Amino acid sequence: AQKVTQTQTSISVMEKTTVTMDCVYETQDSSYFLFWYKQTASGEIVFLIRQDSYKKENATVGHYSLNFQKPKSSIGLIITATQIEDSAVYFCAMREGGNNNRIFFGDGTQLVVKP
Amino acid sequence: GPKVLQIPSHQIIDMGQMVTLNCDPVSNHLYFYWYKQILGQQMEFLVNFYNGKVMEKSKLFKDQFSVERPDGSYFTLKIQPTALEDSAVYFCASSLGTGGYAEQFFGPGTRLTVL
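Protein chains in written order, with our numbering: chain A, 1 to 115; chain B, 1 to 115.
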């Protein structure tokens, strides 16, 4: 069965600090793709970063980076130098390989960045 | 980045009525999706559409649901008849392909309220 679990419901941090959001996933596939999306207060869903399961190097895009620990089925999102505008709900997601296109989402983690 | 548009942003209808949600996907994308998000919950996959056909659907994609994209126009989700439990935000997404082009870009959502 496929499942994505985000145990942190809400995180509050001070501006300019680093935050890590946890995510674990379950899949039987040997090939899969992992994503992080951000949902803003307006409801807009923004793609942030992805990690392909066969890649050992952690993905990095801007001030987002991933901590991919394949043996633990874990894909943490790290945001460095957080800004007020990073406040949003962050969804971890997984897509299996092959012809499957459906994305399985976690429940989301609410991030609040305080000045 | 690539933009997916959705029309309308909010729709209120009476139970039993028909509703059509419209999605204008990214222009060169070939795969289209609908996801459903009940308030405060995770997004859940409904359906994947490619080359005029439903490729994959979930248990949430009831018999009352249908999708089409006539002549490259809007990608639509039709619900006929609607039920109270259909109240949710419906997100359309599109992707260029699969595998290395697996990123799905989401629209802003249509909030459907069934009374």
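Because the hints were derived from the structure by calculation, they are not lab data.
Please read all numbers here as calculations on a predicted model, not as lab measurements.
Do not take every clue at face value.
Stated by the list, open to error - Straight-line C-alpha distance at most 25 Å; calculated PhoX-like pairs for lysine-lysine: (1) A:K55 to B:K53; (2) A:K55 to A:K3; (3) B:K59 to A:K3; (4) A:K16 to A:K3; (5) B:K57 to B:K78; (6) B:K3 to B:K53; (7) B:K57 to A:K3; (8) A:K16 to A:K70; (9) B:K59 to B:K3.
Claimed, not checked - Quick look at which bits of chain A chain B covers, simulated, 3 or more residues with Cβ under 8 Å: (10) 32–42; (11) 105–114.
The beta-carbon is built from N, C-alpha and C at its ideal position, and this holds for glycine as well.
Earlier hints that do not hold, by number: 1, 4, 8, 9
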